[in-house]
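> Sequences and hints are given; from them, build the entire structure.
Number of protein chains: 4
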Amino acid sequence: MGMIGGGPGAFIGPVHRYAAEMDREIELVAGVFSSDAGRSLAAADAYRTDPARAYPTLEAMFAAERARPDGIDFVTIVSPNHHHLPAARAALAAGLPVMTDKPLTATLAQAHELAGLVRAAGLPFGVTYTYSGYPLVREARARIAAGALGAIRKIVVEYPQGWLAGEAVGKQAEWRVDPARAGLGGCIGDIGVHAFHLAEFISGLKVTHLLADLGAVVPGRALDDDCTVLLRFAGADGSAARGVLLASQIEVGERNGLRIRLYGEKGGLTWRQETPNALEWATLDGRHEIVHAGGGLLGPDALARTRTPAGHPEGYLEAFANLYRDFAAKLRGEPAPLLPGLDDGLRGMAFIATAVEASRAGAGWVPLTV
Amino acid sequence: MGMIGGGPGAFIGPVHRYAAEMDREIELVAGVFSSDAGRSLAAADAYRTDPARAYPTLEAMFAAERARPDGIDFVTIVSPNHHHLPAARAALAAGLPVMTDKPLTATLAQAHELAGLVRAAGLPFGVTYTYSGYPLVREARARIAAGALGAIRKIVVEYPQGWLAGEAVGKQAEWRVDPARAGLGGCIGDIGVHAFHLAEFISGLKVTHLLADLGAVVPGRALDDDCTVLLRFAGADGSAARGVLLASQIEVGERNGLRIRLYGEKGGLTWRQETPNALEWATLDGRHEIVHAGGGLLGPDALARTRTPAGHPEGYLEAFANLYRDFAAKLRGEPAPLLPGLDDGLRGMAFIATAVEASRAGAGWVPLTV
Amino acid sequence: MGMIGGGPGAFIGPVHRYAAEMDREIELVAGVFSSDAGRSLAAADAYRTDPARAYPTLEAMFAAERARPDGIDFVTIVSPNHHHLPAARAALAAGLPVMTDKPLTATLAQAHELAGLVRAAGLPFGVTYTYSGYPLVREARARIAAGALGAIRKIVVEYPQGWLAGEAVGKQAEWRVDPARAGLGGCIGDIGVHAFHLAEFISGLKVTHLLADLGAVVPGRALDDDCTVLLRFAGADGSAARGVLLASQIEVGERNGLRIRLYGEKGGLTWRQETPNALEWATLDGRHEIVHAGGGLLGPDALARTRTPAGHPEGYLEAFANLYRDFAAKLRGEPAPLLPGLDDGLRGMAFIATAVEASRAGAGWVPLTV
Amino acid sequence: MGMIGGGPGAFIGPVHRYAAEMDREIELVAGVFSSDAGRSLAAADAYRTDPARAYPTLEAMFAAERARPDGIDFVTIVSPNHHHLPAARAALAAGLPVMTDKPLTATLAQAHELAGLVRAAGLPFGVTYTYSGYPLVREARARIAAGALGAIRKIVVEYPQGWLAGEAVGKQAEWRVDPARAGLGGCIGDIGVHAFHLAEFISGLKVTHLLADLGAVVPGRALDDDCTVLLRFAGADGSAARGVLLASQIEVGERNGLRIRLYGEKGGLTWRQETPNALEWATLDGRHEIVHAGGGLLGPDALARTRTPAGHPEGYLEAFANLYRDFAAKLRGEPAPLLPGLDDGLRGMAFIATAVEASRAGAGWVPLTV
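Protein chains in written order, with our numbering: chain A, 4 to 373; chain B, 4 to 373; chain C, 4 to 373; chain D, 4 to 373.
Since the hints were derived computationally from the structure, they do not count as laboratory data. Since we're looking at a predicted model, the values are computed, not measured. Take the hints with a grain of salt, since some may be wrong.
Any copy, or any two copies together, can satisfy a pair, since identical chains are not distinguished.
In silico EDC-like links for lysine to aspartate or glutamate, alpha-carbon gap of 20 angstroms or less [to be verified]: (1) K269 with D53; (2) K269 with E170; (3) K209 with E268; (4) K174 with D288; (5) K269 with E292; (6) K269 with D73; (7) K174 with E283; (8) K174 with D346; (9) K269 with E283; (10) K269 with D288; (11) K174 with E24; (12) K209 with E277; (13) K269 with E62.
Given below as structure tokens:
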């Protein structure tokens, strides 16, 4: 694996490294960790990769790696959003599969351009909507698909954070509040899109319409930092559901509180990212169960992505690693139906663009089309 | 105290009895517990009140009680919403103060009529927005008023229930889904209005605009059973805040999950009705505290409404009793500034009417005026 | 009801008043609230009872009340432990049933004397082991009696408090650390005995042997403030179980954290006093359920002692009131099999005396006999 | 790294692999994964290591690896307890540092023999008491060392599991209930020793005396499966504390519920393994704080062993990896004062042996000496 981005000070670069290598199917061997050659080299040192394979440019990496017998087999893109398209374009042109961080790109137009390139290249492509990698998220998805809730009527997905309630200080914060680097969306693109994907992923439904109320609450902020989006979902079978998506980065005291609740005719289900090894399950007759990760009552999707027995907590890195395990399967030509791919990336960008535009225009309910 | 409503099968009548009598300042001695004389008598038996003072009509009660030296000093109205106005009108005409269940009336027009009567009568009047009676709700209010959060930026108040996810069966359910008895609102009037009051009560802010998305999800339902309302708040000092109110009665597995989160420039605060003896408090620098009811760190408002030391859980009945303690103070001519009164009742009805109408019309953002 | 004890500054007197009156079967009308006449009068004022019935001595109360047509029907004893025997003796001699706070008396000899008096009098007698009044405690008992755990193998009951970690200051604390008023036990008599009763009450088993390790941790303390007791239980059917009882009043940060876990061949069960409306239930095959108070899945014992629907928290006062409801039934000659009585009081005193003596002597395992 | 043990069906082998490689300082390259050559080869395939380096015997591994320029630098021993001594003896004889799973050996005599060998060899040596690797465990330790609790008075450490409540079926269970492979202790050696180490690690105190009550509850079990141990601790400064250690493998519904509570003159602290990213902190004046992993309020020990920001849960594998990071530091000659070493291993064995013997003999309090 070659990494694009993830230089000194990045949070997500090391996370990708941990995740990709956890199951020993993938090894980070090269990278353009920074557009600054010195910083790229420093990153290689931190990652303990060969300094000779820390490149200053994409071109350099692709040329040098192609020439090696043990050259990289794919790239992972972990740089800020505005780099996603050019990086992916170059990788695809070099014949390399691509795993990219979310959101897909900085703008919807870029997303469509990238979609064309991916389709034309016919190469494996994945998007790291991390939270879909949690075993109990997959358990929830499987149970719902098997009809355990009956028809879904209501979805509430929340993603509260508080770390941008003050001034945006530091590498992580600065690019996220800068339209030039983050793109269209602030909070909606950084975390709202995770919540959006999670709701569709677990429910098996698709958002058809939305009403967005995005605010830039902290004085001086150019992008949204607090989002409420009303949703309408539809199922392939014609079913319909109501929904709400709340995402915020100004809620002091919240860390990374993604949680989702789904309610159907026959039951309800709750999952919380900060206590990811428990899934709550309720039925119409008053039964209320806690399903534990690693426990014997789980289905095959969840068990196959669990590494330890019940009571031995797994977390964010293990969930992330599950996406890379899926991607590795795809590289080997095996099916990996749960890995978020191009369509999920595109839907996410359409969600961001539609919400931002509808909120700006005060447009009320608008359709979501991709 | 004389009770109007609360006949056999009612949930809330006994609750008012428990609450009113808990501090021994008030005693239930008479009532028109039902418009059916036999059922009224049966209720007197259940309440252990004098059967001779279980009346078949309001007129009978007011006439007989006026004639007694130990006649009732006020009435409490606990019947379905459409009875509130006639009952209150008769009581006020008889010169009696009134405590009434929420919402104030069945329609906004009735509310305005009642407001005129109350103002003209100049008698004590209270509305049982129960949740404002919890000690930690009052603690939250006091801390916010003292500036602990700085300017409030965001309020999320949720009131999920699941008991109407199936067919509406039984006395409690049936009138709540019947427009003739419940009035304008279903879920929004039954529990949404509690959430609305709580948000204004704790924050000290007022809702100025709202955008409502109300749904009748269970097939055949005439009134809303699932509500999302976007809010804008304003403070007396010109401050502004964003907000969301979620209320639902179709969320299977939810019992009575009222919870509120308030976020300001300097901190965040969370309270949950089902674990009412803990208040979560967070600050911008990462401190996260749990404040316990009965503990020594509470302010006077909270301590004065707590009956047991920390660790001895108090609940719904004790919170409700705190409103009656406030009302008793008012009857004695003492100040009871935290008791919800006519204005709170009117604002609640305006909220219900505005939300129902705006949602029906697909009106987008509308002002909330009283 | 006449009250003995509960004067100004007492915590438990008002609690008994709330509890006794909650269901309107009992009314506090008289009392010897203090051995100081002025303080007794002040208490009557606080309780809102007739000042003429606030007596300075037991003799005065019994004489005056006997002379009234509406005189008291029973007494409740809420004074410190060393008063229990003389107060009960006088009440029984006056022909009055007795409800008394735990522990039964200050010493085991007193307990045996009282037992003789109660048996001779043949009058209703109850002991307020409060925690046995919680609906979910009764649910747990009923489920276990019905075999839901299979044979019980292990019981862990803990009662951590922290309020005596510093110096014992104030009326509540002072008598509890004074052997002259508290009797044999400090922590073991104040809260350990609650835990002991709860373990026997829920499990249906009896403690046959114990090994006690009691400490007086805070410098200068004459009585124990931190207790560990190993237990052996036996069932009527010859079954045996291991157990541990932990009680402490020096565990800073603990409020009133009574909790019990019972494990059998087929399942496990957990109940916590500070969140009393949930009961955890697990089975050998990995199922983990939360049972909620007020919910439809409860048995008749629990439902009959619940006043509100699920999600409306009930607490300490409601649990306490359930004991008085049982006592009122007993006064009416109805069965009240769950009300702790003389035998429970005696067993508690035997537990305290045996644990204190065995710990002092470093005796290892000793039998518990009554 | 070469692995000894960890063949097909083992739980802990893959865990060591994940943990050792997570920070990319260590790589698993060889192993005697099983004494069966075919199974050793199968394990190499599962671990994705070179099949040529999957050896059938220790001798073969040490000989072959010594001959390679890139031969292993140390071994990790993950086989059942009775293998620890012979494996470590061979490795030390081959001049290789050793990391070993706990308990140190199967018997105390073996432990002393091993201690002699380790001291004579002068090579780095570590014991994987996993739970000491959690960041918040290290935070707790640092805060206590800095005096935040004042003198510690009481320690309660519990380790409940339920997976051996039924028959012991499967590779994991079978050897643990077999004295020939597990050694002296069942539950006490498998998990009790973790709890013992954790208590000493966090508190900085040492156990001086214990009273053990070990039971073999499940019919037919030869080793203990349910343990209660009373403890006395002493500090280097002469301070003393009381303690209790509870460990069980028959508590149905418990997964891996290790938790520890420490109480001092000035405060109390609680950590739970199943929700390892929160630490509860209470003070004598009623303050109750939650400290979050990854948050800015942590000290350097905790921050240096955290890989993600607050709200991104880390778990068991990351904690385990922290021990390997310490071990890697030690291999480089850097200080790693928090890595459990020979003395911790010896103390653990002394604890097991003393508890087993004292319980069998009904000996009451006995000293713990190493």
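> Within a copy, between copies, both or neither: which one fits K269 and E283 at a CA-CA cutoff of 20 angstroms?
within (14 angstroms within a copy, 22 angstroms between copies)
> At most 20 angstroms between alpha carbons: which applies to K209 and E277, within, between, both or neither?
Neither: 25 angstroms inside a chain and 33 angstroms across chains, both beyond 20 angstroms.
> From the Cα coordinates, with 20 angstroms as the cut-off, is the pair K174 and E283 best called within, between, both, or neither?
Cα proximity of K174 and E283: none, with 37 angstroms in one copy and 30 angstroms across.
> Quick one: K269 to D288, C-alpha cut-off 20 angstroms, is that within a copy, between copies, both, or neither?
Intra 9 angstroms, inter 24 angstroms, cutoff 20 angstroms: intra-copy only.
> Reference check for the pair K269 and E62, CA-CA at most 20 angstroms: within, between, both, or neither?
neither (55 angstroms within a copy, 47 angstroms between copies)
> Can you give me the call for K269 and E292, within, between, both or neither, at a CA distance of at most 20 angstroms?
both (14 angstroms within a copy, 17 angstroms between copies)
> Given identical chains, is K269 near D53, meaning Cα to Cα at most 20 angstroms, within a copy, between copies, both, or neither?
Answer is neither; intra-copy 55 angstroms and inter-copy 46 angstroms both fail.
> Between the shortest in-copy and the shortest cross-copy C-alpha distance, which are at most 20 angstroms for K174 and E24: within, between, both, or neither?
Classified as neither: same-chain Cα gap 25 angstroms, cross-chain 28 angstroms, threshold 20 angstroms.
> How would you label the pair K174, D288 (within, between, both, or neither) given a Cα cut-off of 20 angstroms?
Between copies only: 19 angstroms across chains, 50 angstroms inside a chain, cut-off 20 angstroms.
> Is it within a copy, between copies, both, or neither that the alpha carbon of K269 lies no farther than 20 angstroms from that of E170?
Result: close only across copies, 12 angstroms inter versus 45 angstroms intra.
> When no copy is specified for K269 and D73, does a C-alpha distance of 20 angstroms or less occur within a copy, between copies, both, or neither?
neither (54 angstroms within a copy, 53 angstroms between copies)
> If the cutoff is 20 angstroms on CA atoms, where do K174 and D346 land: within, between, both or neither? Let me know, please.
neither (30 angstroms within a copy, 44 angstroms between copies)
The structure is inconsistent with the numbered hints 1, 6, 7, 8, 11, 12, 13, although it conforms to all the rest.
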